[in-house]
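K.L.:
Sequence:
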Amino acid sequence: MVTIIVGKEGEDERFIVHKEFACYYSPVLKAAFESSFTEGQTQCYRLEDVTVRVIRLLLCFFYTGKVDTSLQRYISAGFEAVADQELQQEIDFIHFWVLADRLLIPSLQNAIVRELEIMWNLRTDRAVDVSWVPFVYEHTSVDSPLRALTLDHCAYGLHSDMFLEDPAAFPHEMLLDLARLMSSGITPTTIYEKDENGRDDEERPRYKYKRTWGSYHVPEGENS
1 MVTIIVGKEG EDERFIVHKE FACYYSPVLK AAFESSFTEG QTQCYRLEDV TVRVIRLLLC
61 FFYTGKVDTS LQRYISAGFE AVADQELQQE IDFIHFWVLA DRLLIPSLQN AIVRELEIMW
121 NLRTDRAVDV SWVPFVYEHT SVDSPLRALT LDHCAYGLHS DMFLEDPAAF PHEMLLDLAR
181 LMSSGITPTT IYEKDENGRD DEERPRYKYK RTWGSYHVPE GENS
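The C-terminal position of the sequence shown is numbered 224 in full-length UniProt numbering, with every residue numbered one higher than the one before it.
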């Protein structure tokens with residue numbers, strides 16, 4: 001057995017997991033627990049900047065090979081409204097993807113993207129949360145599939161007024177990426193299609209996804 005410690009020392013919580021499961025899925029954990037360094041000697045691995053909810057999602061994946069989509073954990077955590085539960089689950093899944101990237105578990109990253117696809121496709125009100133956008137840009141690289149997903153999610157599902165209502169949610173780098181993306185989605189033949197008053201024609205072609213959901217997946221190895 002090995003221990004995954006969540007949080008800073010003195011404020012942490014410990015989770016016991018079978019070593020073979022942790023090492024099977026994550027080459028990062030395998031290298032740590034089989035090393036001569038502190039993690040190998042103590043059989044403990046600390047994650048200071050990860051929430052308990054996300055670690056529980058990780059442990060569930062270790063034992064089942066699946067992403068837990070149950071909302072029960074949010075009910076017990078005090079999120080009474082279903083909308084609030086779904087919002088927090090969305091945020092947790094984004095953080096979960098970043099953790100999977102950090103632990104080099106591509107199959108988990110892709111499983112999370114598939115769950116986000118289902119979640120967003122079932123959302124009839126087209127509500128879009130953007131509170132996690134800065135986190136994505138802070139913890140991913142330029143070529144990250146999660147960045148691509150974030151850009152398309154905002155470009156396709158976000159009402160234009162939200163950029164003014166919550167400007168802090170949009171990092172400068174993200175806005176530049178979004179401008180480039182939106183510009184590439186408009187062809188020269190449609191740029192000048194405006195009515196006589198100078199407003200955009202309602203029939204004017206608008207931005208459409210150029211990527212498929214598979215574009216947001218990462219390559220998987222044998223054990224991932």
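Since the hints were derived computationally from the structure, they do not count as laboratory data. Any given hint might turn out to be false.
[To be verified] Listed below are the simulated BS3-like cross-link pairs for lysine-lysine, each with C-alpha atoms no more than 30 Å apart in a straight line:
#: 1; residue 1: Lys30; residue 2: Lys8
#: 2; residue 1: Lys66; residue 2: Lys30
#: 3; residue 1: Lys19; residue 2: Lys8
#: 4; residue 1: Lys66; residue 2: Lys19
#: 5; residue 1: Lys66; residue 2: Lys8
[To be verified] Label-pair distances were calculated between CB atoms; the ranges are:
#: 6; residue 1: Asn121; residue 2: Ser36; range: 44 to 52 Å
#: 7; residue 1: Glu165; residue 2: Met119; range: 34 to 42 Å
#: 8; residue 1: Phe37; residue 2: Arg114; range: 33 to 41 Å
#: 9; residue 1: Tyr63; residue 2: Ser215; range: 13 to 21 Å
#: 10; residue 1: Leu71; residue 2: Arg14; range: 24 to 32 Å
#: 11; residue 1: Ser76; residue 2: His159; range: 48 to 56 Å
#: 12; residue 1: Tyr156; residue 2: Thr3; range: 41 to 49 Å
#: 13; residue 1: Lys66; residue 2: Thr212; range: 42 to 50 Å
#: 14; residue 1: Ser183; residue 2: Ser76; range: 42 to 50 Å
#: 15; residue 1: Ala179; residue 2: Gln43; range: 46 to 54 Å
#: 16; residue 1: Thr42; residue 2: Glu11; range: 27 to 35 Å
#: 17; residue 1: Glu11; residue 2: Ser76; range: 27 to 35 Å
#: 18; residue 1: Leu122; residue 2: Ser183; range: 26 to 34 Å
Each residue gets a CB set at the ideal place from its N, CA and C atoms; glycine is no exception.
K.L.:
Now look at each hint and say whether the structure bears it out.
P.N.:
Hint check results:
Distance hint between Lys30 and Lys8 is fulfilled; the C-alpha atoms sit about 22 Å from each other, no more than 30 Å. For the hint linking Lys66 to Lys30, the alpha-carbon distance of about 20 Å falls within 30 Å, and the restraint holds. The straight-line distance between the Cα atoms of Lys19 and Lys8 is roughly 22 Å, inside the 30 Å bound, and the hint therefore holds. With a C-alpha separation of about 18 Å, the suggested pairing of Lys66 with Lys19 holds against the 30 Å cut-off.
Proposed proximity of Lys66 and Lys8 is supported: the alpha carbons are some 28 Å apart, at most 30 Å. The hinted range of 44 to 52 Å is satisfied by Asn121 and Ser36, whose Cβ atoms lie roughly 48 Å apart. Roughly 23 Å separates the CB atoms of Glu165 and Met119, a value that falls outside the hinted 34 to 42 Å. For Phe37 and Arg114, the hinted distance range of 33 to 41 Å is satisfied, since their beta carbons lie about 35 Å from each other.
A hinted range of 13 to 21 Å is violated for the C-beta pair Tyr63 and Ser215, which are about 30 Å apart. The given range of 24 to 32 Å is respected by Leu71 and Arg14, whose C-beta atoms sit roughly 26 Å from each other. Taking 48 to 56 Å as the suggested C-beta distance range, the pair Ser76 and His159 does not conform, at roughly 33 Å. For Tyr156 and Thr3, the hinted distance range of 41 to 49 Å is satisfied, since their beta carbons lie about 42 Å from each other.
Remark: the range hint 42 to 50 Å for Lys66 to Thr212 is contradicted by a beta-carbon distance near 23 Å. Distance hint check: the CB atoms of Ser183 and Ser76 are about 46 Å apart, consistent with the given range 42 to 50 Å. Checking the proposed 46 to 54 Å range against Ala179 and Gln43 shows it holds: the Cβ atoms sit about 49 Å from each other. Distance hint check for Thr42 and Glu11: the Cβ-Cβ separation is about 19 Å, which falls outside the suggested range of 27 to 35 Å.
For the hinted restraint 27 to 35 Å between Glu11 and Ser76, the CB-CB distance of approximately 21 Å leaves it violated. In this structure the supplied range 26 to 34 Å holds for Leu122 paired with Ser183, their Cβ-Cβ distance being about 31 Å.
Hints 7, 9, 11, 13, 16 and 17, counting from the list given before, are not met by this structure.
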